[in-house]
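**Q** Starting from the structure of chain V, add chain D where the hints point.
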Amino acid sequence: MSAHELKTGPLEYRTQEGRMSILGFWIFLGAEVVLFATLFATYAVLFGRTADAPHPGELFEIKTTLIMTFLLLTSSFTCGIAIHEMRRGSLKGLMTWLIITLLLGLGFLGFEIYEFMHYAHEGATLQSSAFWSGFFVLAGTHGLHVTVGTGWAILLLIQLSRRGLTNVTNRKVFIISLYWHFLDVVWIFIFTGIYLIGMVI
Amino acid sequence: MNITDILVTGEPLIYGAMVSIVLVSTAAIFLLTYFKRWGWLWREWLTTVDHKKIGIMYILSALAMLFRGGMDALMMRIQLAFPGLNFLDAQHYDEIFTTHGTVMIIFMAMPFLIGLMNIIVPLQIGARDFAFPFVNAVSFWSFFFGAMLFNISFVIGGSPDAGWTSYTPLAGAAMSPGPGQNFYLMGLQLSGIGTLATGVNLMVTILKMRAPGMKLFHMPIFTWSTLVTCFIIVFAFPILTVALALMTIDRIFGSQFFTLTGEGLPMMWANLFWMWGHPEVYIVILPAFGIFSEVIATFARKRLFGYHAMVWSMIIIALLSFLVWVHHFFTMGAGAFVNSVFSVSTMLIAVPTGVKIFNWLATLYKSKIEFTVANLWALAFIPSFVIGGVTGVMLGMAAADFQFHNSYFLIAHFHYVLIAGTVFACFAGLVFWYPKIFGHKLNERIGKWSFWLFLIGFHVCFFPQYFLGLDGMPRRIFITRIEEWLPLNVISTVGAFGMGLGFAVFVFNIYYSYRYSEREKTGDPWNGRTLEWATPTPIPFYNFATIPHVDGIDYYLPMKEKGETTYDESKLEPIHMPSNSGQPIIMMAFFAFASFALVFEWIPLAIAGLIGGFIMMGVRSFDYDEGYHVEVDEIKRIERSARGL
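So the sequences go chain by chain: V and D. Under full-length UniProt numbering, the final residue of the first sequence carries the number 201; numbering is consecutive throughout. Under full-length UniProt numbering, the final residue of the second sequence carries the number 645; numbering is consecutive throughout.
These aren't lab readings, by the way, just hints derived from the structure by calculation. Cβ atoms here follow ideal geometry from the backbone N, Cα and C, with glycine treated the same way. The reader is advised that the hints may include incorrect statements.
[Said to hold, decoys possible] Pairs of lysine to aspartate or glutamate, DMTMM-like flavour, derived with a Cα cap of 25 Å:
1) K571(D) x E5(V)
2) K7(V) x D625(D)
3) K7(V) x E573(D)
4) K208(D) x E573(D)
5) K92(V) x D623(D)
6) K172(V) x E58(V)
7) K636(D) x E44(D)
8) K368(D) x E263(D)
9) K636(D) x E569(D)
10) K172(V) x D623(D)
[To be verified] If you want a taste of the chain D side facing chain V, the calculated C-beta under 10 Å gives, among others:
11) I233
12) A236
13) L246
[Unchecked claim] Covered by chain D, per the in silico footprint, the following chain V stretches (three or more residues, Cβ under 8 Å):
14) 16 to 22
15) 42 to 53
16) 116 to 129
Just chain V, same shape as in the assembly:
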């Protein structure tokens, strides 16, 4: 397959393996869209079925939600800068911005854990009603994805520090950036579909 190597263009696209991995990841993201769409549909169907637990309007707070949104949207932006640095061939820039992305992601997770504990304290848990099951599983699945993403990014940072910028590490960084932006897009739907609508209705 070495015959298919290119001499120009971004490093991650130069080998056939690189191009195939990136296409494969796009298709995988298609499957992820279906996964989240199913969870959103489930949440929508179960909306309002709170049984004896509190209503979402009583618990959702605009302040934490906005902070979380700010953290995650910024992290997507810094992730973009990281890719920009990678394209410029700056390993140091890439690693710095990747670490900043990671910290923002961890901040987001911290707020999410705090939020979930707060709700549980107020009597809204996974077990308390169908609506809250839907909420915790949808938001939790997104949170789990962010957790996996941070772990993955840490492993990548170690590889980058050992191997520098090669067409393999570049491909891996590019793929995790696709994943990270995808999580951001999903969050926009969670922010509007769950929190804003939940606060209004």
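**A** Below, chain D alone, put in the same frame as chain V:
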């Protein structure tokens, strides 16, 4: 914890099964040790990333599962033909119809077809392996461990008993306590991950690794059916993943998705299940259509009639497959409008399917048909499948469905489409490609015996069930002491044993041909039309020494006319190949351990297993093994000896 809490006790049939499992496992371990084959097993098979070997392992597992699902079927048929015998009790009967359905769809039909895809698709498009050979091995092991997890349920913990559809609230924690239902959830979840990965893998393989010059509309029809199937897999399987996860969380962690107590919606399960389940039907039928197209075109010695229409009808069927799921529960009370919409969309599927039927007939028209065993399976498929299809349209009429619903009419319909479609295709495909895969043909005479036994048994078994259904015999009911139903039930059981005999002869044929069949020398025993026949037999591990430039459908025919082969010594270059790896099997063993622990709700053990699995994924991430190159001298040596130059 007491041993009786884990092992199933009190059933003589199951004690027998336990003894046979122990005996077979001991014999296998003994033989491997005695012949010093452990190293061989590990190096050649368990750690392989070669698509051909993985395909063979898929097919072997699927044949084993066909045996298991078939035994379940025979036990049910014995019970229904001899109700006075008390062969099974109600609980055991419930477990058996559940496992029969699940095993046949998830662990037999799909793996069998994926096995054939694994072997054939890279060869048909002129590729040297999958896009991601490592992931392919991970997929296989996830299927294999999922299947094993599901299968041990009947001796450990007890089988699920809520039907293969697992409708809530019956399948919920309140009404189905104990590990049985958890085995269903975890077994399907584990193997579903592998199926999704295979879907992604094959799509990239087909889109990116075709021989130079091969346009999409030059691809062999089986490859086309695989590509369309993979689209369905990628968009349907995540729905199943979510549905299974929600029910698992309901059962193990007490959430309220499908419960009535927390304002959950049991009916939502039916919707989620069939939003995956209906496309799933087409995941197992479209590749079958592809196989029949290849076989019919080859043995009619004609180009497939209406190639483009065949492709487009598959694409339309794939799109429609997502829009009909409500026809599985017309009687739930969704109302006349909803039922009408889904009724119309259901019947629409008959149009592209009809197009395909006429194309097969037109391919056969005025051709010199060769009645080989592979072609017999394909020819028998056409009328049998039409019977199943027409009764499917009957079921698709919402109003009429209120009568047919949950009766043996439905059972007859879907066995007619799934056996005449998928099972016949698996046999046709295996017989057709057998010489390419194993280097010798299956014996034709024994093959015909197995074909006729199975075909006649099939019609004798399922045709009476239409009438049983119209007479009102419900499905999933084990008491049939109703005089009017008994004669047809006895006939049906006789047919079932005919099919069992046909299968046994088929398996015997594999053994017999291995011993006595003439070895294949040319690599092209049927005068094939597509590239998979262009390699020498046995296929070198790199498939093609040099990859031809393809510009047309059925490209191997003009190649043969021009005297070209896939071996052009002047164009040889070192070939890059992936290295074998033990990581896939170890990784999936950890996840299987975690799943097993979750079945018994041992949370700390499950977490330990999950951590192990994730560590293996991390290990893989640090693995920069880029494979190795096969040097030109070695390719020359292999090709010259294989081609007798």
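**Q** Tell me whether the statement that chain D covers the region 116 to 129 of chain V is true, taking a Cβ distance below 8 Å and needing three residues at minimum.
**A** n = 4 at 8 Å, threshold three: holds.
**Q** Given the proposed pairing of K172(V) with D623(D), does the C-alpha separation stay at or below 25 Å?
**A** Roughly 13 Å separates the two Cα atoms, so the pair holds.
**Q** With a cut-off of 25 Å on the C-alpha distance, tell me whether K92(V) and D623(D) pass.
**A** Distance ~23 Å between K92(V) and D623(D) Cα, so the pair holds.
**Q** Tell me if I233(D) is really an interface residue toward chain V, meaning its C-beta lies closer than 10 Å to one of theirs.
**A** Given a least distance of 9 Å, the restraint on I233(D) holds.
**Q** For K172(V) and E58(V), compute the direct alpha-carbon distance and say whether it is at most 25 Å.
**A** violated (43 Å)
**Q** Regarding the pair K636(D) and E44(D), is the alpha-carbon distance no greater than 25 Å?
**A** holds (23 Å)
**Q** For K636(D) and E569(D), compute the direct alpha-carbon distance and say whether it is at most 25 Å.
**A** It holds: about 7 Å lies between the C-alpha atoms, which stays within 25 Å.
**Q** Is it true that the CA of K368(D) sits at most 25 Å from the CA of E263(D)?
**A** Violated - the C-alpha atoms of E263(D) and K368(D) are around 64 Å apart, more than 25 Å.
**Q** If you take the shortest Cβ to Cβ gap from L246(D) to chain V, is it below 10 Å?
**A** holds (7 Å)
**Q** Establish whether the coverage given for the region 42 to 53 of chain V by chain D is satisfied; the threshold is a Cβ-Cβ distance below 8 Å, and no fewer than three residues must meet it.
**A** Contact hint for the region 42 to 53 of chain V vs chain D: holds, 6 residues under 8 Å.
**Q** Is the straight-line distance between the alpha-carbon of K571(D) and that of E5(V) 25 Å or less?
**A** holds (18 Å)
**Q** Compare the distance between the alpha carbons of K7(V) and D625(D) with 25 Å, and conclude whether the hinted pair is satisfied.
**A** Measuring from Cα to Cα gives roughly 23 Å; hence the hint holds.
The structure shown violates the earlier hints numbered 6 and 8.
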